[in-house]
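K.L.:
Generate coordinates for the entire structure from the input sequences, incorporating the hints supplied.
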Amino acid sequence: MDPMLPRRYRVLRARPESAGVATVDLAPVDGPPMRFAPGQFNMLYAFGVGEIPVSISGDAAAPVLTHTTRDVGPVSRAIVGLKEGDMLGVRGPFGAPWPVAAAKGRHVLVVAGGLGLAPVRPILTHVLANRADHAGLTLVYGARSPQDLLYADDLRDWRARPDATVEVTVDHARPGWTGRVGVVTTLIPRALAGVAPDSVTAFLCGPEIMMRFCVQALGQIGIPPSACWVSLERNMKCAVGFCGHCQFGGDFICKDGPVFRYDRVAARIGVKEL
Amino acid sequence: MAHPPLLLRDPRDLVTALVAAGFRVIGPKPAEGALTYAPITPDDLPQGLTDTQAPGNYRLEPGPPGRWFDYVVGPHSWKAWLFPARQKLFSADRTAAGFDLTAHEDPYPPTAFFGVRACEIAAIEVQDRVFDNGTFADEGYARRRAATLIVAVNCARAAETCFCATMKTGPRAERGCDLALTELATGTGLLLEIGSDRGAAVAARLALPLADTARQAEARAISARAAAAQTRRMPQDVAARLAANPEHPQWDDVASRCLSCANCTLACPTCFCSDVEEVTDLSGAHAERWRSWDSCFSIDFTHVHGGSVRLSTRSRYRQWMTHKLSSWHDQFGTSGCVGCGRCIAWCPVGIDITAEAAAICEGGPP
Numbered sequence: 023m024d025p026m027l028p029r030r031y032r033v034l035r036a037r038p039e040s041a042g043v044a045t046v047d048l049a050p051v052d053g054p055p056m057r058f059a060p061g062q063f064n065m066l067y068a069f070g071v072g073e074i075p076v077s078i079s080g081d082a083a084a085p086v087l088t089h090t091t092r093d094v095g096p097v098s099r100a101i102v103g104l105k106e107g108d109m110l111g112v113r114g115p116f117g118a119p120w121p122v123a124a125a126k127g128r129h130v131l132v133v134a135g136g137l138g139l140a141p142v143r144p145i146l147t148h149v150l151a152n153r154a155d156h157a158g159l160t161l162v163y164g165a166r167s168p169q170d171l172l173y174a175d176d177l178r179d180w181r182a183r184p185d186a187t188v189e190v191t192v193d194h195a196r197p198g199w200t201g202r203v204g205v206v207t208t209l210i211p212r213a214l215a216g217v218a219p220d221s222v223t224a225f226l227c228g229p230e231i232m233m234r235f236c237v238q239a240l241g242q243i244g245i246p247p248s249a250c251w252v253s254l255e256r257n258m259k260c261a262v263g264f265c266g267h268c269q270f271g272g273d274f275i276c277k278d279g280p281v282f283r284y285d286r287v288a289a290r291i292g293v294k295e296l
Numbered sequence: 167m168a169h170p171p172l173l174l175r176d177p178r179d180l181v182t183a184l185v186a187a188g189f190r191v192i193g194p195k196p197a198e199g200a201l202t203y204a205p206i207t208p209d210d211l212p213q214g215l216t217d218t219q220a221p222g223n224y225r226l227e228p229g230p231p232g233r234w235f236d237y238v239v240g241p242h243s244w245k246a247w248l249f250p251a252r253q254k255l256f257s258a259d260r261t262a263a264g265f266d267l268t269a270h271e272d273p274y275p276p277t278a279f280f281g282v283r284a285c286e287i288a289a290i291e292v293q294d295r296v297f298d299n300g301t302f303a304d305e306g307y308a309r310r311r312a313a314t315l316i317v318a319v320n321c322a323r324a325a326e327t328c329f330c331a332t333m334k335t336g337p338r339a340e341r342g343c344d345l346a347l348t349e350l351a352t353g354t355g356l357l358l359e360i361g362s363d364r365g366a367a368v369a370a371r372l373a374l375p376l377a378d379t380a381r382q383a384e385a386r387a388i389s390a391r392a393a394a395a396q397t398r399r400m401p402q403d404v405a406a407r408l409a410a411n412p413e414h415p416q417w418d419d420v421a422s423r424c425l426s427c428a429n430c431t432l433a434c435p436t437c438f439c440s441d442v443e444e445v446t447d448l449s450g451a452h453a454e455r456w457r458s459w460d461s462c463f464s465i466d467f468t469h470v471h472g473g474s475v476r477l478s479t480r481s482r483y484r485q486w487m488t489h490k491l492s493s494w495h496d497q498f499g500t501s502g503c504v505g506c507g508r509c510i511a512w513c514p515v516g517i518d519i520t521a522e523a524a525a526i527c528e529g530g531p532p
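Going down the list, the protein sequences come from chains D and L.
Residues in the first sequence are numbered consecutively from 23, following my numbering.
Residues in the second sequence are numbered consecutively from 167, following my numbering.
It is possible that part of the hints are untrue.
Computed footprint of chain L on chain D, listed as stretches where at least three residues anywhere in the stretch have a Cβ under 8 angstroms from a Cβ of chain L [what the hints assert, rightly or not]:
(1) 28-36
(2) 103-113
(3) 167-176
(4) 264-275
(5) 286-296
Calculated from the structure, these hints are not laboratory results.
Where is the CB? At the ideal position from N, CA and C, for every residue including glycine.
P.N.:
See below:
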C-alpha cells in the first residue's frame, strides 16, 4: 500500500475546545476504523490546502478517531474549521506509542502543558479504563490561562475519580479562577506526595523546555530520566522516514518517535537548533 | 563474477545492444558545459572529453582524443531518474460529498543506466536503504530500481575533488552492477565484466571475444592508479567526532563562508530530503500533491508553529554535514557520503567537506 496516499474520513462531530482549538471525531468513508496505540499520530490532509501531522487524542478502544488541533497555519486553520459531514484525508497511524502496557503495575504520571494534553489523552482514557492494572494515576496539567484548558468535560470526570489525582494550574489566572497558578514543575512534588518514586513511570508532553524542567524536577524527587517518556514535535512532510524534515540527530521523529525515553534524547534536547 | 570478462571494441556497440534488448538508455550527455545524464542513442556517446574539478570549480574540456570516459562525475546524479526531482503523488477532485483521490505513478520503461561510476553505485545503494527503511517502502522507487540495469564505468582517472578511495566506494565497481566497463589503453578497447545474468544476456547479443589475462591485469592497474591519484582523505573517526562536537567553533567558521544555497544537497547523489506541496487549479476543484527535492539548508525546512528550528546557517550546515557523515550511520548503517566530490566542486564558495571534517576532528573532544 502506498504510504503517501490518504484514506478519506468523514467528520462525525466537531466541537470547539478554546479559542482557535477544536476537536473532531472522524470515521472512514469506507473500510474498517483505524486501530492505533496511544501516542501515535496521523497526517491530516485538508483538500486544496495541505497536510500536517496531528497526534491522535481519542480512546484507542473506541471506533472513532479523534484529533484536537490548534489553528496555527493554513492547514490547521482548515482542520479547526471543519464541520459535521465534512471530509478529511488521513494517513496513519504513525510513530512509536507511549509504552502504556509496559507501565502495568506502575504509578502512571502524566504531565501535560498546553496543547500537550491532546497526545496524552489516550493514556488517560486507557489507564482509567484499566485502572486495576496500575498502581496509581496522576495528571498534572498546565495551561496559559483558564480559557486555554482543553477537554473541560474530561477534566471534570477525571477529577471526580477517587482513584486518580488531577492537578491543574494556569500561568495567568482570570477572575473566577480558584485553582492553582504557576508552572507545572512546582506542582509535581505535591501531586506525587506519598507515591514511591521507584514505582513511577512518567509521560510528558508539552514545550521542550517544559519537559526538560519536569525531568529535572522529577529527578530531584528520585524519578530517573529512564522512567520518563516524552513526545517531540518537528516539521514533517511524509511521516514515513522519506522526507528528512523531522530528523533529530540520528532519529526520525516520525518513525523512531515521536515518543522517546528521555535518556535517549537528553543530550540532544539541550542543543540549540539541532 | 561468474562470467569471464570480455573485450569490447567500441562502447557504442553496447548501447546499441541495450536498445535492441528493449532498454531506454540513460547515459552521459554534455549539456550547458557540464556532463549530464540523459536519454542517449549510440551516436550521442561523447568522445575526447575530460574535466577539471576543484573546490567551487568544474570545467568539461577537450581531453586526449579517442578516449571515451576520461571525465568523471558532473553535477547530475542517477537519483534524478530513480528519485525524480518532482513527482506527482496523487490528485484530488472536489465532489458533492467531499473529494475523490486518485493515486498517480509515472511510467518507467525498462532502463539502462550507462556509465555509472563506482561511487554512484554506492550512492544508489545508499538511497535503496532510504526508500526501503524496514518500516516503509517507496513503491515508485522500488519499481524504478527493479526496472533499471546498471552499466558501470570504472574510472581511469580521478578529479582533484574525488575521494572515493578513502570512502571505500571506488574507483572500481566491485558489485552492484550488471555490466562494468574499464577503458583500456586508447584504441585497444574496453574490458567488459559481467555482474549479473541480466548483464550476461545483453553481452551475449554482442558475441564478444574473451579478454586475456593481460587485459584483465591492465584494467585492475587502471583502477589502482585512479585510486592512488586521489589526495583528499576523510578522517576515519569522523562519525564519532562530529557526534561529539555540535558546539565546535569550526561550525561558526564554515557558517561565515556557507551561502546556505543548497547546491551541495542538490548535487549530492545520496541527499534524499523532499518537500510535499499542494497545487490547486484556479477553480479550486482540482488539487494535486507534488513531492519535490528539498534541502536542509532551506529556512522553511524545520518550520513548526512559532518559527524554524534551524534558523542559523551554522545549524543548517552542521545538520547537513553531521547527518551525512555521522547520524547517517545510526539511521542506515553506512556513511551518507560516497566520496564523489560533487559538493566540493559545485559549492559556489568552494567549501570542502573533507577539510571541514578534518578541522573538526583535529580540535574538540573525541
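K.L.:
With a Cβ-Cβ cutoff of 8 angstroms, does the stretch 103-113 of chain D contain at least three residues near chain L?
P.N.:
n = 3 at 8 angstroms, threshold three: holds.
K.L.:
Count the residues of the stretch 286-296 of chain D with a beta-carbon closer than 8 angstroms to any beta-carbon of chain L: does the count reach three?
P.N.:
Held - the stretch 286-296 of chain D has 4 residues with a Cβ nearer than 8 angstroms to chain L, which meets the minimum of three.
K.L.:
Verify the coverage statement for the stretch 167-176 of chain D against chain L, using a C-beta to C-beta distance below 8 angstroms and requiring 3 or more qualifying residues.
P.N.:
violated (count 0)
K.L.:
Do at least three Cβ atoms from the stretch 264-275 of chain D come closer than 8 angstroms to Cβ atoms of chain L?
P.N.:
As far as the stretch 264-275 of chain D goes, the hint holds, because 9 residues have Cβ atoms under 8 angstroms from chain L.
K.L.:
When I compare C-beta atoms, does the stretch 28-36 of chain D have three or more residues closer than 8 angstroms to chain L?
P.N.:
holds (count 3)
Of the numbered hints given earlier, the model fails hint 3 alone.
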